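There are 8 protein chains.
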Amino acid sequence: MSQATNPLVGVIMGSKSDWETMRHACEMLESFDVPYEKRVVSAHRTPAWMNEYATTAQERGLKIIIAGAGGAAHLPGMVASQTTLPVLGVPVKSRALSGLDSLLSIVQMPGGIPVGTLAIGDAGAKNAALLAVRILGTTDPALQTRLQAFQEEQTNKVLEDSEL
Amino acid sequence: MSQATNPLVGVIMGSKSDWETMRHACEMLESFDVPYEKRVVSAHRTPAWMNEYATTAQERGLKIIIAGAGGAAHLPGMVASQTTLPVLGVPVKSRALSGLDSLLSIVQMPGGIPVGTLAIGDAGAKNAALLAVRILGTTDPALQTRLQAFQEEQTNKVLEDSEL
Amino acid sequence: MSQATNPLVGVIMGSKSDWETMRHACEMLESFDVPYEKRVVSAHRTPAWMNEYATTAQERGLKIIIAGAGGAAHLPGMVASQTTLPVLGVPVKSRALSGLDSLLSIVQMPGGIPVGTLAIGDAGAKNAALLAVRILGTTDPALQTRLQAFQEEQTNKVLEDSEL
Amino acid sequence: MSQATNPLVGVIMGSKSDWETMRHACEMLESFDVPYEKRVVSAHRTPAWMNEYATTAQERGLKIIIAGAGGAAHLPGMVASQTTLPVLGVPVKSRALSGLDSLLSIVQMPGGIPVGTLAIGDAGAKNAALLAVRILGTTDPALQTRLQAFQEEQTNKVLEDSEL
Amino acid sequence: MSQATNPLVGVIMGSKSDWETMRHACEMLESFDVPYEKRVVSAHRTPAWMNEYATTAQERGLKIIIAGAGGAAHLPGMVASQTTLPVLGVPVKSRALSGLDSLLSIVQMPGGIPVGTLAIGDAGAKNAALLAVRILGTTDPALQTRLQAFQEEQTNKVLEDSEL
Amino acid sequence: MSQATNPLVGVIMGSKSDWETMRHACEMLESFDVPYEKRVVSAHRTPAWMNEYATTAQERGLKIIIAGAGGAAHLPGMVASQTTLPVLGVPVKSRALSGLDSLLSIVQMPGGIPVGTLAIGDAGAKNAALLAVRILGTTDPALQTRLQAFQEEQTNKVLEDSEL
Amino acid sequence: MSQATNPLVGVIMGSKSDWETMRHACEMLESFDVPYEKRVVSAHRTPAWMNEYATTAQERGLKIIIAGAGGAAHLPGMVASQTTLPVLGVPVKSRALSGLDSLLSIVQMPGGIPVGTLAIGDAGAKNAALLAVRILGTTDPALQTRLQAFQEEQTNKVLEDSEL
Amino acid sequence: MSQATNPLVGVIMGSKSDWETMRHACEMLESFDVPYEKRVVSAHRTPAWMNEYATTAQERGLKIIIAGAGGAAHLPGMVASQTTLPVLGVPVKSRALSGLDSLLSIVQMPGGIPVGTLAIGDAGAKNAALLAVRILGTTDPALQTRLQAFQEEQTNKVLEDSEL
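Residue numbers (full-length UniProt numbering), protein chains in the order written: chain D, 1 to 164; chain P, 1 to 164; chain L, 1 to 164; chain X, 1 to 164; chain B, 1 to 164; chain G, 1 to 164; chain E, 1 to 164; chain C, 1 to 164.
Derived by calculation from the structure, the hints in this document are not laboratory data. Among these hints, one or two may not hold up.
To be verified - For lysine-lysine, the following DSBU-like pairs were computed, each having C-alpha atoms within a straight-line distance of at most 35 Å:
| id | chain 1 | residue 1 | chain 2 | residue 2 |
| --- | --- | --- | --- | --- |
| 1 | E | Lys16 | P | Lys16 |
| 2 | E | Lys63 | E | Lys16 |
| 3 | P | Lys157 | X | Lys157 |
| 4 | G | Lys63 | B | Lys157 |
| 5 | P | Lys16 | L | Lys63 |
| 6 | G | Lys157 | X | Lys63 |
| 7 | E | Lys63 | E | Lys157 |
| 8 | L | Lys16 | L | Lys63 |
| 9 | D | Lys63 | C | Lys16 |
| 10 | L | Lys16 | B | Lys16 |
Quick caveat, the model's predicted, so the values are computed rather than measured.
Isolated chain D (complex conformation):
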């Protein structure tokens, strides 16, 4: 899975073990030919680098950051607090509490610092990428077209399979 030289989307995650979830975001971005980069950036174990990542994201040309984390998931909110780019958060399913802790840690941000939060787990990772594509599509007609085709195809697949 190669990465783009001029990525528009940064996909980051708090731990290598989050990759099993977050790869669904990357695969979706690839299917739309959206250039992205992916990194492990840990709020708790690499705070300095997280700060650097967040504060330089915009000047490096990123348009959107997708951040996944589990448990006391601080990555999405802390990145959002250090950039003015839109940040999308993916709650990774946690061992004990099945991601309820991840979800609340990401979504319950105080007024002033927004994180657009998606569902717990794989569906959330996939949808974070799709929301990024929707955002980019608001100013990129070609992407918009592909997005509509994706949605239609998705509809058709259900319709074809509607008979049980």
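Based on these hints, arrange chains P, L, X, B, G, E and C on the given structure of chain D.
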């Protein structure tokens, strides 16, 4: 509170009683001079109009839809399923379950249809608007500048008040 | 598993993966010789068809709709908002939150649009069918008789097995 | 609030204090001119009468039973186990756990005995009545017509008030 | 596993599948030589027999009833409402909600009808039996002695194994 | 509210602020003329006295201990671990989590040390007393008679008030 | 309320509104004559200052940091990730979810970065200070003595008030 | 795994089955060469020994107690109530409720008796040890140095692995 003739953001809510929450989104958009429109659009009581609202949003020039709802909150997800615009969801605090039902109904979308979900209640409404501004700011340098000023001001206000 | 030509009950579900749960509804309907149809109808991926299904259900002769879905489960509520037929909702067990999200998304409907909600998972699917049979039985003496026989048989089976 | 001589719907509740919630069911039934009766029937304090109520409901001409209760809410399920009429359950908001206990006690019935469960509190009471009307409306064209008028009126009220 | 001719404790459960949990209660009673009987008594599928069981328990010589059930667990509360014997409830672990529904359905009884509730699952079954023995022990010195021996032995087993 | 010289029931609570809840237990015991004592005994602030209270309860003639506590409620379980008397636990409603923490801290005891747990709050306090009366009633025919009268009266009060 | 020139404990909180909770920590520290400082330090609104605060805390002579925050409460964990001082977290009660979100956001830290978490709200703030005093007391005999006196006094106060 | 002759940290757990979790604490302490002891000490099955352990811990030279327990987890709080040493609590994942009960039983202590609580399960055990090391490190420069090396190494490991 006037509304724009060429709104970029559509702020919709499932019931008039959600206005007390959702006005925080509108006030934030106004403070950034982002043109917006606001409407009560009920997934359950006006499904046909919701469908029309969602399917025509893009051609009417909207770039982002902010949807707030409480309880079994279907509005954000159902609008997202009928547009390719980015949809941001605000879980309104519900009477019995304090918005936990609203949150789960909005955020736990299946893979394929994303809703960027914000916090329960006022903070979420405010942040939905800020996330919309961040999205618009990725292609609008003037808005980007204002956004950075907002963030700095917010920082300064805390710093000034840091002594207790 | 054949389907009826003049179905009285429509069994729909948001995704093919819900069939493992919803087939318990169909099997129960069959055991009562209640004609039914079954379809995958996705609120989020096939909203137009869902609207069509809901709005035409009555004229096609359906008396009751059973709708199962998981996660942010909007199908039962959205169908209920576009028909005046009784709609029964089955919360399918979800991966992360075990169906608590499905349950709250289905049952916490606002005043005005009712969904009669059953238990999470297989028991709920089975009971949705039984509730449909009870409803039909209020005006169908033959069905009523069979229903009473079912209940007695169920009682007898427990009584016979009561010794451990 | 008078009661019908030949009631079609029995509205029962576990305690007099549930009346503040359950009167919304009665008011809705009245607005549709559906004859009903209302009683306090406590699963725990009047089990014998509950049994009598449940087992004689059908022969007394009732078509549907609406049962509301809070906390460890056993009334709807216990009535459902002693009749073959459709039983609709309303979880009354409880003091400590806001009705989450009532909801789970009512909705999580085992396979074999269905209770169609509505939302916690007033909305649930209102919707239990509406679901009863929908059920009766499947075989009563006049009621069906009124139900459609109700739904349209409800839609129109939102549309008229859509401007904020 | 034989049953006593003059049982002091009645161990009942809502379904045969609860036996895997409830056998821990029976084994504990046996280890104390407390005569007991065990039965499947379903609140929902055999309400008439449950009523008979509850109302005749005292005259048959039972001193305590232990009732286990899962999901919308009505058995303990309904038995308690039809006897003046002490009733102890065991929440059986349920499939979707891990017994949280069972627990709340059993413990949240309204003022007037008590159910002494134990932990979810095996530990609860074991402890229901122990609580029954404690109750019987208040008037049976021999049992009291055995109970103290049990507790000491339990302590000693931990102390011996305290080194890791 | 006087206390008995030879109390059969010890009503203890973790803090003076629990009295508002626990007085319902005392009032109920008084209405049955059951001699009792009441004390503040804090597991955390007076552990030595708690140990003394628990270990001497039986020799002082107590037959049952009722213990109420809130939050991380350790009193019932810790007393149960130091006596072989039956211990009944009352989860007092806590400020932040409404007694869910109290309930789980009391009811989820490991196998070996039982606490018969009642509902959160006032109903639980009242029922702890009633369960104590039921226990005492198994060997006290006079109390048994009064208990049956209580239950009948309770039934009659509902029946008289059944009309709304 | 004056602050020490050479503080040993830093009491920080995410927002001015947290002061109502966190002042209980400061009052407790004062009652033990432990020098402390107090500041509003927002993880989300003043991330740069938070980083500075955390990274310089040790060289400034602080021994312990107490951090209180509500909702998606990232302050304690983010400070802990940038210091090797012990960090104690206080979950402030949040509006919608009563501090359950605050608690999970603070306590569920991944292995590698510890936050010693106290109870939600006032009790937690008071106890964070007491835990700090206990930590300092392990190497400060005078403080240890005062701590034991505090604990005894606390015990005595309960004992004196034990009669109700 | 040998144990120190002059341990500074006491690692205790409520049951032998907690060792699978608590060994992560011991391994971490060993990696820092912090002398410790480890024991099974059950609040419920060995209350007398727990009292002895807690009251003599300080005179035996312990500086910190780490206590792990599951379900109605009373060990950390009860030990904290009988010592003035800092007590750190580890909620062990429980069978039915995944450690939510353990967490609430440990963290929700009343004002006056603090328990510094860590995450549910292995991460919490590891972090309890790390927090103990941080506490000891505030007065032990050599340990402080090792702690900083640990944190740097942890950072480096993530940085090296940051590419996916």
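### Query
Which numbered hints are broken by the structure, listed smallest first?
Violated: hints 3, 9.
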